[in-house]
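**Student:** Please build the complete structure, drawing on both the sequences and the hints.
Number of protein chains: 2
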Amino acid sequence: MRKQSNKTNADNAIEVIRGGVTAASGFHAAGIKAGIKASKNADLALIYSENPACGAGTFTTNAIRASSVDWCESILPGAAVHAVICNSGCANACTGDQGVKDTAVMASLTASALGTAPKSVLVASTGVIGKPLPMTRIAVAVPKLVASLSPTGGTDFAKAIMTTDLVKKESAVRVSSGRKHFVIGGAVKGSGMIQPNMATMLCFITTDAAIESPLLNDIVKRVVNRTFNNLTVDGDTSTNDMVLVLANGVSGTSVKTKASQKAFEEGLLTVCNDLCKQIAADGEGATKRVEVTVKGAKTEEDARLAAKAVANSNLTKCALFGNDPNWGRIACAVGYSGAKFSKQKMSIELCGIQVFKNLQPVAFDQKKAHTLMKKKVVNIDINLGLGDKEAVAHTCDFSYDYVKINAEYRT
Amino acid sequence: MRKQSNKTNADNAIEVIRGGVTAASGFHAAGIKAGIKASKNADLALIYSENPACGAGTFTTNAIRASSVDWCESILPGAAVHAVICNSGCANACTGDQGVKDTAVMASLTASALGTAPKSVLVASTGVIGKPLPMTRIAVAVPKLVASLSPTGGTDFAKAIMTTDLVKKESAVRVSSGRKHFVIGGAVKGSGMIQPNMATMLCFITTDAAIESPLLNDIVKRVVNRTFNNLTVDGDTSTNDMVLVLANGVSGTSVKTKASQKAFEEGLLTVCNDLCKQIAADGEGATKRVEVTVKGAKTEEDARLAAKAVANSNLTKCALFGNDPNWGRIACAVGYSGAKFSKQKMSIELCGIQVFKNLQPVAFDQKKAHTLMKKKVVNIDINLGLGDKEAVAHTCDFSYDYVKINAEYRT
Numbered sequence: 003m004r005k006q007s008n009k010t011n012a013d014n015a016i017e018v019i020r021g022g023v024t025a026a027s028g029f030h031a032a033g034i035k036a037g038i039k040a041s042k043n044a045d046l047a048l049i050y051s052e053n054p055a056c057g058a059g060t061f062t063t064n065a066i067r068a069s070s071v072d073w074c075e076s077i078l079p080g081a082a083v084h085a086v087i088c089n090s091g092c093a094n095a096c097t098g099d100q101g102v103k104d105t106a107v108m109a110s111l112t113a114s115a116l117g118t119a120p121k122s123v124l125v126a127s128t129g130v131i132g133k134p135l136p137m138t139r140i141a142v143a144v145p146k147l148v149a150s151l152s153p154t155g156g157t158d159f160a161k162a163i164m165t166t167d168l169v170k171k172e173s174a175v176r177v178s179s180g181r182k183h184f185v186i187g188g189a190v191k192g193s194g195m196i197q198p199n200m201a202t203m204l205c206f207i208t209t210d211a212a213i214e215s216p217l218l219n220d221i222v223k224r225v226v227n228r229t230f231n232n233l234t235v236d237g238d239t240s241t242n243d244m245v246l247v248l249a250n251g252v253s254g255t256s257v258k259t260k261a262s263q264k265a266f267e268e269g270l271l272t273v274c275n276d277l278c279k280q281i282a283a284d285g286e287g288a289t290k291r292v293e294v295t296v297k298g299a300k301t302e303e304d305a306r307l308a309a310k311a312v313a314n315s316n317l318t319k320c321a322l323f324g325n326d327p328n329w330g331r332i333a334c335a336v337g338y339s340g341a342k343f344s345k346q347k348m349s350i351e352l353c354g355i356q357v358f359k360n361l362q363p364v365a366f367d368q369k370k371a372h373t374l375m376k377k378k379v380v381n382i383d384i385n386l387g388l389g390d391k392e393a394v395a396h397t398c399d400f401s402y403d404y405v406k407i408n409a410e411y412r413t
Numbered sequence: 003m004r005k006q007s008n009k010t011n012a013d014n015a016i017e018v019i020r021g022g023v024t025a026a027s028g029f030h031a032a033g034i035k036a037g038i039k040a041s042k043n044a045d046l047a048l049i050y051s052e053n054p055a056c057g058a059g060t061f062t063t064n065a066i067r068a069s070s071v072d073w074c075e076s077i078l079p080g081a082a083v084h085a086v087i088c089n090s091g092c093a094n095a096c097t098g099d100q101g102v103k104d105t106a107v108m109a110s111l112t113a114s115a116l117g118t119a120p121k122s123v124l125v126a127s128t129g130v131i132g133k134p135l136p137m138t139r140i141a142v143a144v145p146k147l148v149a150s151l152s153p154t155g156g157t158d159f160a161k162a163i164m165t166t167d168l169v170k171k172e173s174a175v176r177v178s179s180g181r182k183h184f185v186i187g188g189a190v191k192g193s194g195m196i197q198p199n200m201a202t203m204l205c206f207i208t209t210d211a212a213i214e215s216p217l218l219n220d221i222v223k224r225v226v227n228r229t230f231n232n233l234t235v236d237g238d239t240s241t242n243d244m245v246l247v248l249a250n251g252v253s254g255t256s257v258k259t260k261a262s263q264k265a266f267e268e269g270l271l272t273v274c275n276d277l278c279k280q281i282a283a284d285g286e287g288a289t290k291r292v293e294v295t296v297k298g299a300k301t302e303e304d305a306r307l308a309a310k311a312v313a314n315s316n317l318t319k320c321a322l323f324g325n326d327p328n329w330g331r332i333a334c335a336v337g338y339s340g341a342k343f344s345k346q347k348m349s350i351e352l353c354g355i356q357v358f359k360n361l362q363p364v365a366f367d368q369k370k371a372h373t374l375m376k377k378k379v380v381n382i383d384i385n386l387g388l389g390d391k392e393a394v395a396h397t398c399d400f401s402y403d404y405v406k407i408n409a410e411y412r413t
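Protein sequences appear in the order of chains A and B. The opening residue of the first sequence carries number 3 in the working numbering; numbering runs sequentially from there. The opening residue of the second sequence carries number 3 in the working numbering; numbering runs sequentially from there.
The list treats identical chains as one, so a pair stands whether inside a single copy or across any two.
Listed next, the in silico SDA-like pairs over lysine to any residue satisfying Cα-Cα at most 20 Å (straight line): (1) Lys133 x Ser349; (2) Lys290 x Tyr402; (3) Lys347 x Val102; (4) Lys290 x Ile407; (5) Lys35 x Thr166; (6) Lys146 x Ser110; (7) Lys378 x Val169; (8) Lys290 x Lys406; (9) Lys103 x Lys345; (10) Lys342 x Lys359; (11) Lys258 x Glu268; (12) Lys345 x Glu75; (13) Lys260 x Arg181; (14) Lys103 x Ala115; (15) Lys347 x Gln100; (16) Lys42 x Thr157; (17) Lys359 x Val102; (18) Lys406 x Thr289; (19) Lys345 x Thr63; (20) Lys391 x Gly340; (21) Lys260 x Glu214; (22) Lys297 x Asn227; (23) Lys369 x Val130.
Simulated from the structure, these hints should not be mistaken for laboratory data.
**Tutor:** Below, the structure written as structure tokens:
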């Protein structure tokens with residue numbers, strides 16, 4: 003996605019820049035080792051804005067949710083957010099009343115070290131389900147974490163939220179709206195237990211745009227629905243998913259006019275799309291990233307249904323791992339997706355090669371397809387032949403290593 | 003399931019017996035090598051009843067279906083079925099007009115060799131999607147197939163319908179209803195692309211009971227909904243699924259009274275349940291069979307939703323492969339299943355050990371659980387704490403070999 007600039011209209015431009023949650027002005031971040039993970043990797047992370055930020059979020063639809071999700075949802079959307087603390091290595095989910103208390107204590111510890119109110123601190127957790135948080139270690143670590151805050155700490159933050167992720171995931175853009183500009187940057191973690199539904203993995207986005215929280219909330223929901231909600235690694239929706247977006251207004255650029263709203267939404271979409279691709283590429287055991295584009299749908303929901311069914315098909319994903327142009331499994335998944343399509347006009351392309359049309363096989367060069375499928379990014383393009391709506395789903399292939407990682411996760 | 007006898011009430015008894023589609027009187031079967039499979043294994047199979055049989059079926063809900071499914075659905079329920087021909091190695095799905103013609107020709111070839119009408123012959127296909135049937139080989143093989151028919155040919159039939167199955171799958175019961183009796187026997191194939199939905203893998207059941215097709219149809223739908231529709235190996239619903247049941251009346255026992263209907267339904271349930279377990283145990287790459295029982299549900303649909311979500315969770319199934327008592331993933335799947343449950347009363351048992359209650363972890367012997375999980379059958383018992391409805395889902399664990407089989411399927 004590293005194109006340099008993306009003109010959205012005569013006055014707006016989106017430029018991809020380096021960085022993550024500290025790319026926007028006025029945000030500090032840190033990530034340190036608190037001893038929560040057995041691996042001794044960094045496991046406690048913090049974002050801080052001295053200016054009170056407007057915040058919005060989307061949250062997991064899983065009926066069994068971590069108390070951190072409830073905590074954040076009780077605060078957002080809101081106009082007085084100062085910080086987000088996130089630990090990795092322990093999800094603090096299915097931990098009963100103790101878990102609820104521990105989340106509140108994490109917020110209080112952070113608030114007192116920062117000199118703010120507990121309800122201005124958002125809390126996120128990720129890792130093993132059903133294990134209590136090691137609160138003594140966290141209490142010892144929080145003052146050190148606050149002392150480590152830095153305007154260039156975004157990458158430390160992105161590293162400290164990782165669990166089975168192999169690489170940190172950050173993305174940022176500078177959006178110019180007329181003569182003014184602002185920055186949107188984010189970090190995300192996620193590799194397995196990924197099938198967000200009106201929510202996603204842990205994703206943290208900051209912006210120095212000035213935007214009020216109800217408007218921010220509307221835009222975040224729309225963008226998440228077009229990005230993270232179409233991402234899947236294994237079809238399992240986590241107990242801890244959330245996307246948090248903080249806007250501190252430090253750039254002095256207000257998002258109020260239709261044109262600036264459009265620019266903000268496109269900027270956020272660019273960042274979220276890029277983070278989705280980074281998660282898919284780093285899916286547990288993934289050897290390649292897969293982008294399923296469905297066009298020609300009667301409704302956007304039909305396009306989404308078809309794209310997600312293909313992206314979730316274990317059989318299709320095993321074939322992708324084996325570089326096998328087995329389009330039959332793709333057609334089969336479209337068939338059971340529930341999406342409306344034209345049997346006469348439906349067609350499938352794999353790596354740009356047409357492999358299926360009119361419910362009949364198309365003669366194609368199997369060897370060439372096999373070779374093209376070895377690339378790091380494989381595109382599956384499906385036309386449902388009924389309309390002009392479209393959707394994209396992001397996923398990865400399904401390898402031995404997915405099984406290995408998840409058979410041995412707690413050993 | 004090999005218990006000897008199962009009293010259903012004072013007058014009815016169900017006895018498990020050996021055999022499959024030829025266990026019931028008046029059915030002949032055969033299975034031979036026609037050269038459809040590259041492996042040179044048997045790949046063409048036939049069931050024949052001289053008496054016209056009443057037939058009923060359930061069919062895949064996949065919008066992309068093989069022409070054989072359409073062919074059978076146009077005939078069933080019906081009262082004049084004489085034969086079922088089934089090939090393995092080629093699904094004849096996504097093969098367009100040629101596929102439709104080939105299905106009709108398979109029926110005609112079989113009918114003329116048997117001296118019956120084409121519309122008295124049901125057709126089934128299973129194997130690779132998108133490849134045309136080798137009709138010349140089939141035309142040569144059909145007369146040989148008919149010449150091989152035998153009243154003890156059930157096992158040859160069961161072997162010839164296999165694809166990635168490692169073992170043949172048969173089941174039969176003798177049902178006594180008062181002084182009269184009849185036999186129900188069946189064979190099934192299926193190992194991957196298994197998430198039947200109002201239908202199932204290829205399953206063929208014969209009975210010598212006399213039962214009219216509308217009644218037979220009602221009972222088959224109810225039983226399939228309680229058995230095959232709760233079975234999953236990988237969440238992929240096939241293009242070719244069907245359950246076909248033929249009743250030829252040769253036993254002279256009529257199924258008309260309430261008591262005999264109940265006996266018939268329980269007998270059919272016993273056979274279908276046993277075949278489900280055999281498919282789960284032989285799931286692609288499976289090292290163990292897993293039975294997910296959900297009780298305490300408000301509705302049977304809630305119980306089914308929860309059981310199927312757990313049975314379909316890739317993460318849970320990888321943990322089962324690793325013998326890891328990771329109940330957090332089970333709780334997580336119940337949470338996203340959509341089933342209603344009581345957060346206070348919900349509980350989970352793994353191999354008979356309580357591991358979760360009141361949304362809190364329960365202290366349990368992890369080593370003992372790990373050892374128990376190495377058995378060939380693992381039970382997961384969930385109580386939703388809301389009512390008295392229940393459902394059982396059948397599945398298997400998820401291993402390296404599932405990925406291997408499906409990455410290399412066509413190579």
